[in-house]
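There are 2 protein chains.
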Amino acid sequence: MADTAAREFFTTRTVAEALAAFRPGRRTRTESVPLHLALRRVPGEPVTAPHPLPGFPRSTVDGYAVRAADTYGVSEGLPGYLDVTGAVSMGAEPQTAVTPGRAIAMPTGGVIPPGADAVVMIEYTAEVMPGTIEVVRPVAPGEGIVRADEDAGAGDEIIGRGRPLRPQDLGMLAAAGVTSVTVHAKPVVTIFSTGDEVVPAGTPALKPGQVRDATAAALAALVADAGGEPVFGGIMPDDPGPLEKALRAALPASDVIVISAGSSVGTRDETANAVARLGEPGIWCHGLAIKPGKPTLLAECAGVPVIGLPGNPRSALVVFRMVGAPVVRLVGGCTVPPPEPSTRARLSRDLASATGRLDVVQVRVSDGVAVPVFGVSALLSVLTTADGYIVIPAEATGLDAGSEVNVVLYA
Amino acid sequence: MADTAAREFFTTRTVAEALAAFRPGRRTRTESVPLHLALRRVPGEPVTAPHPLPGFPRSTVDGYAVRAADTYGVSEGLPGYLDVTGAVSMGAEPQTAVTPGRAIAMPTGGVIPPGADAVVMIEYTAEVMPGTIEVVRPVAPGEGIVRADEDAGAGDEIIGRGRPLRPQDLGMLAAAGVTSVTVHAKPVVTIFSTGDEVVPAGTPALKPGQVRDATAAALAALVADAGGEPVFGGIMPDDPGPLEKALRAALPASDVIVISAGSSVGTRDETANAVARLGEPGIWCHGLAIKPGKPTLLAECAGVPVIGLPGNPRSALVVFRMVGAPVVRLVGGCTVPPPEPSTRARLSRDLASATGRLDVVQVRVSDGVAVPVFGVSALLSVLTTADGYIVIPAEATGLDAGSEVNVVLYA
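As given, the protein sequences belong to chains Z and B, one line each in that order. What the first sequence shows, in our numbering, is residues 1441 to 1851, in sequence order. What the second sequence shows, in our numbering, is residues 1441 to 1851, in sequence order.
Because the hints were derived from the structure by calculation, they are not lab data. Please note: incorrect hints may appear among the correct ones.
As the list claims (entries may be wrong) - Label pairs and their in silico Cβ distance ranges:
#1 ASP1807(Z) with LEU1459(B): 53 to 59 Å
#2 GLU1844(Z) with PRO1833(B): 22 to 28 Å
#3 THR1488(Z) with PRO1648(B): 18 to 24 Å
#4 ALA1461(B) with ALA1792(Z): 45 to 51 Å
#5 LYS1647(Z) with LEU1477(B): 25 to 31 Å
#6 THR1536(Z) with GLU1780(B): 47 to 53 Å
#7 LYS1647(Z) with THR1488(B): 19 to 25 Å
#8 ALA1792(B) with ALA1566(Z): 26 to 32 Å
#9 ASP1807(Z) with LEU1477(B): 31 to 37 Å
#10 SER1806(Z) with ALA1527(B): 27 to 33 Å
#11 THR1488(Z) with VAL1811(B): 40 to 46 Å
#12 ALA1537(B) with LYS1647(Z): 15 to 21 Å
#13 THR1622(Z) with GLY1681(B): 23 to 29 Å
#14 GLY1600(B) with GLU1780(Z): 41 to 47 Å
Computed from a predicted structure; not experimentally measured. Note that beta-carbon positions come from the ideal geometry of N, C-alpha and C, so glycine has one too.
Just chain Z, with the same shape it has in the complex (with noise of 0.2 Å):
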């Protein structure tokens, strides 16, 4: 965390800022999973191979395990001649050595018997009589064989700390014969929506000037996105009371709490007073250069991150994206992010932006031209009918039409 004399009430800070500064230090405990239920679960700590892999050299074609000399000088037009004098079996200890002059015929994937140093593929060579064969190729020492250490010699860290586990990692581990990994538990991250036109999305029927909570259902997306467990908290009234007892008894089942806080300036304020009451160091920021998202609060409590959203649930999800995930990743253990779709378009119009604020711009994208959505943030029609969106560094003051820009993809 940055210096705590710096987190006063209505500090406003660039995103930048948010992402380089604003890094709890909470992280969740570790637990045992079954590997088939590890696929993109943060390890805890290295994994690392109990022995060697394969484990035994293997041919890596189908032909003879041959002594490699034997084959020195050979050619189409002066093959040489070997006796077989047996074959490996898939899955099988070879029953004979190979000794000078002599081949055993092997399987793709078996066992090289003791004495041979390479494998002749089948293709170039042919049984003259039963029980020789002709070798038209040389091969030299360790050609056709995999060795017994090469995918990973005993002890050799397979698996890293901090990335969330891929399928080629599982396949890794199954080889090694690794079948639970000590991973992150998932962060507990306990969304609250505000509001006293906020009802649940199951209300059949509005009363007039009722809103559904479409902000909750997208959020409790993101964060499963970001490998947390999303908790639903409920839906608060305006009035600072109620939300911040309902806070103070989420705080310790909760690894991150997120608020999707009232819309208005004034419920915005008393979301801000709830989660100053509820512990040290506090809030960290209540402001955030970004375009849509400004009001956006980030406090620390107890231990507990604690994330304040804008009220309209385009703006929330916008700016949970950015600086609500990845603090839901940390708190998982995940160091290395795994990477976002994203493509090279061609701008299709002028932008404007001001200067000294993130934007996050909607566009569509086809035949690599990005579109620009507009409406108002409080449009959730903007993000479905959108493919991605592009940022505009706080630095610029705009975008031409006909740049270049890097569009992230909704996945």
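With the hints as your guide, set chain B onto chain Z.
Chain B alone, transformed into the frame defined by chain Z:
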């Protein structure tokens, strides 16, 4: 499907042909799932808004609801004056209408009262005496207001079929009061491993020549990523009889069958023989112009796509990603696949490649440079070391050092 006459036993196809023409018609049934379980699920039908959204005209700012005409011509130097006759509360119906010369205080998100056609931001007003404000900026009709149907009109399609649901889509559905969605059932993908040498990942101590089943664990993860439900069919010996029997038993309960075939030519042929006897129309290709991954088999038997993968884990995973995952997505109703993470990078060295064959090269990426990770195709560590892969197109003879390449990144 392409012409079935072309389904010869050893037909080799290009990856482009496979993606364009191996498109089994099977689709999973649809089912209803609650919204909180619908992330990334594939809608089986479009969803329309049951009523306009937000459903009432809302203020987008804190300020005063006015008749726009009452503000025309006002300025800092010549403010207009309006009587404030009330205040709208969040989530409640306005108690009074706005009449000429009058204004009503509005919170962001509140219901626009009858008679008002704009909202003046509070920043451009001042309460000059109790009950009277001055207004220093004019507003146009519609300013500061979201129309009742601006996010969606009644009957508007808010979610299309075929695209996996994203976080913002769940938000939009919640806003519309749609708490369950009709989605395609996850395709059941039965995964078979074959090979006399293959033993379960949980085998603590290996006998000489044995390897643990790495492919099944990784394939299950790739299937899940493609929206499928992996089911493990078991490890089959290199014997076509039991394999055919097991495949036949799995057919009725499978939407897709994936076999990581034996690695030697003989056992691959046995797999093909077993698949060929499963049902019509049968094998579509046996051999794919891709490296690694040539010995790939694509078939459709009794309505079930069957994908035979090369025996070594790395080739199997590369091929499944390229041609298997698209089939799983398709069967699961996904017609708009989510974007993949990728990045542009410069190649660190020359790469040779044979024409007529697509080459998949694993790379590490740092500082914009893609460095190929080499190793025989049996090595899983090549995949776990890599950050992603580049594809050398079939028509290329290679890539020069320094050329710009598109790296598909592993997430």
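Consistency of the hints with the structure:
The hinted range of 53 to 59 Å is not satisfied by ASP1807(Z) and LEU1459(B), whose Cβ atoms lie roughly 20 Å apart. A hinted range of 22 to 28 Å holds for the C-beta pair GLU1844(Z) and PRO1833(B), which are about 23 Å apart. A beta carbon spacing of about 23 Å between THR1488(Z) and PRO1648(B) agrees with the range 18 to 24 Å that was offered as a hint. Checked against the hint of 45 to 51 Å, the C-beta distance between ALA1461(B) and ALA1792(Z) comes to roughly 48 Å, which is consistent with it.
As the Cβ distance of LYS1647(Z) to LEU1477(B) is approximately 29 Å, the hint placing it in 25 to 31 Å holds. Between THR1536(Z) and GLU1780(B) the beta carbons are some 49 Å apart, a value that agrees with the proposed interval 47 to 53 Å. Here the CB-CB span from LYS1647(Z) to THR1488(B) is close to 23 Å, well matched to the stated 19 to 25 Å. For the pair ALA1792(B) and ALA1566(Z), the beta carbons lie near 28 Å from each other, so the given range of 26 to 32 Å is met.
Checked against the given bound of 31 to 37 Å, the beta carbons of ASP1807(Z) and LEU1477(B), roughly 35 Å apart, stay inside it. A C-beta distance of roughly 46 Å is found between SER1806(Z) and ALA1527(B), which places it outside the suggested range of 27 to 33 Å. Look at THR1488(Z) against VAL1811(B): about 24 Å separates their beta carbons, and that is not inside 40 to 46 Å. A C-beta distance of roughly 19 Å is found between ALA1537(B) and LYS1647(Z), which places it inside the suggested range of 15 to 21 Å.
Between THR1622(Z) and GLY1681(B) the beta carbons are some 42 Å apart, a value that contradicts the proposed interval 23 to 29 Å. A C-beta distance of roughly 23 Å is found between GLY1600(B) and GLU1780(Z), which places it outside the suggested range of 41 to 47 Å.
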